[in-house]
Structure formats: structure tokens, C-alpha cells
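Under the working numbering, think of the first position of the sequence shown as 4, with each following residue one higher.
No wet-lab data here; the hints were simulated from the structure.
Glycine is no exception: its CB is placed at the ideal position from the N, C-alpha and C atoms.
A hint or two may mislead.
What the hints assert, rightly or not - The following label-pair restraints were derived from C-beta to C-beta distances:
{"no.": "1", "residue 1": "I129", "residue 2": "K163", "range": "16 to 24 Å"}
{"no.": "2", "residue 1": "E38", "residue 2": "E112", "range": "19 to 27 Å"}
{"no.": "3", "residue 1": "N12", "residue 2": "R62", "range": "18 to 26 Å"}
{"no.": "4", "residue 1": "E58", "residue 2": "K125", "range": "40 to 48 Å"}
{"no.": "5", "residue 1": "N78", "residue 2": "E104", "range": "29 to 37 Å"}
{"no.": "6", "residue 1": "D75", "residue 2": "Y173", "range": "39 to 47 Å"}
{"no.": "7", "residue 1": "G32", "residue 2": "Q72", "range": "17 to 25 Å"}
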Amino acid sequence: MIKMWEKINEKFKKYPARMRVAEKMIELGLCINEEGKIYCGNLKISDKALATAAEVDRRAIKSTIKIIQEDDELNNLFSNIIPAGTLLKNIAKNLELGVIEIEVGSESEGILAATTNLITQKRIGIRQAYAEDTELQKSPLLTIITEEPVKGDLINEFLKIKGVTRVSIY
């Protein structure tokens with residue numbers, strides 16, 4: 004079976020606007036139902052709203068949905084997407100939680116395991132971890148929300164992990 008991004012690239016490589024629609028749908032956790040309507044969970048998303056978010060014409064939404072529905076693999080993929088839920092990053096300070104953002108280079112294998120291991124060695128609980136898709140982002144981030152703020156002296160330890168290019172703690 005072809006990898007997801009290879010399949011999407013294959014279908015939309017000649018159509019940059021449709022590619023942006025497919026990428027935005029995956030980024031936001033949007034799915035297509037049997038009638039070709041777009042949803043985020045059980046919330047219906049208008050074509051206009053998605054077109055604005057993807058910076059495309061509304062016609063690109065309809066044509067993207069049509070192509071997806073005509074391809075069994077893509078239809079299966081896009082009809083089964085579910086949103087990931089709330090990322091606590093922007094409200095962590097209000098909740099007295101810590102945030103660690105780790106920028107990942109081209110070699111990202113094992114970074115999540117190594118960072119969570121380092122955090123748990125310090126006996127700090129992890130509330131949430133979110134990793135951006137390395138196929139979608141030029142400089143993907145691993146965001147870890149901790150039960151308490153983490154001390155800045157851990158930055159050097161995170162930077163020793165293979166594949167980590169930048170670390171921010173707040």
C-alpha cells in the first residue's frame with residue numbers, strides 16, 4: 004500500500020489548490036461524510052470556511068471532495084479522520100502547566116521516547132504530547148505539556164537528543 008502522503012501527492016500534484024485543501028483537512032482533523040459534506044467531529048464546516056482557511060476558491064473544495072470520493076483509499080482515509088482535541092499549549096500558563104516545544108530536524112525517530120524519558124526521570128508528569136506531521140511542516144514541533152513548569156536547565160539535555168534542533172521551555 005502506498006503511504007498516505009505519496010497517495011495524496013500523486014492525486015493532487017497537478018492541482019496546488021486541491022493539495023492545500025487536502026493538507027488543511029488533515030491538519031485540522033476534518034473528514035468527509037457519505038454525502039460529501041465536511042465535518043470536524045459532529046460540527047459541519049462550510050465550503051466557504053474551509054476555502055478561506057486553505058486560501059483557495061470554493062470550487063477547489065468541491066473538486067477536491069469529488070476526487071477523494073472517487074478514490075477508495077483516499078475516501079477511506081478522509082472519511083475516518085477525527086480531530087485530536089484541544090491542545091493546551093496556549094492556555095498552559097493559566098492552568099499552571101509547563102510547555103516544552105522541541106523543533107525536530109529531518110531525523111525524528113525516537114525523539115518522543117527520548118524526551119518523555121528525560122521528563123519522567125525528573126519525576127514530572129506529562130499531561131499532553133503533540134507532534135506535528137513531518138510531511139506537513141518544514142520545521143515540525145513536538146509540544147509536550149507537563150503537570151508543572153519545567154526548569155530551563157533541561158534545555159541542554161534536550162538538545163543532546165539526536166534530531167532536536169531547537170528547544171523552548173515556558
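Each hint, compared with the structure:
1. For the pair I129 and K163, the beta carbons lie near 19 Å from each other, so the given range of 16 to 24 Å is met.
2. Separated by about 40 Å at the C-beta atoms, E38 and E112 break the suggested range of 19 to 27 Å.
3. Taking 18 to 26 Å as the suggested C-beta distance range, the pair N12 and R62 conforms, at roughly 21 Å.
4. Between E58 and K125 the beta carbon distance is about 42 Å. The supplied range of 40 to 48 Å therefore holds.
5. One distance hint, 29 to 37 Å for the beta-carbon pair N78 and E104, holds here, with the actual separation near 35 Å.
6. The supplied range of 39 to 47 Å is met by D75 and Y173, whose beta-carbon atoms lie about 45 Å from each other.
7. For G32 paired with Q72, a C-beta distance near 19 Å keeps the hint of 17 to 25 Å intact.
In this structure, only the earlier hint numbered 2 is contradicted, and the remaining ones agree with it.
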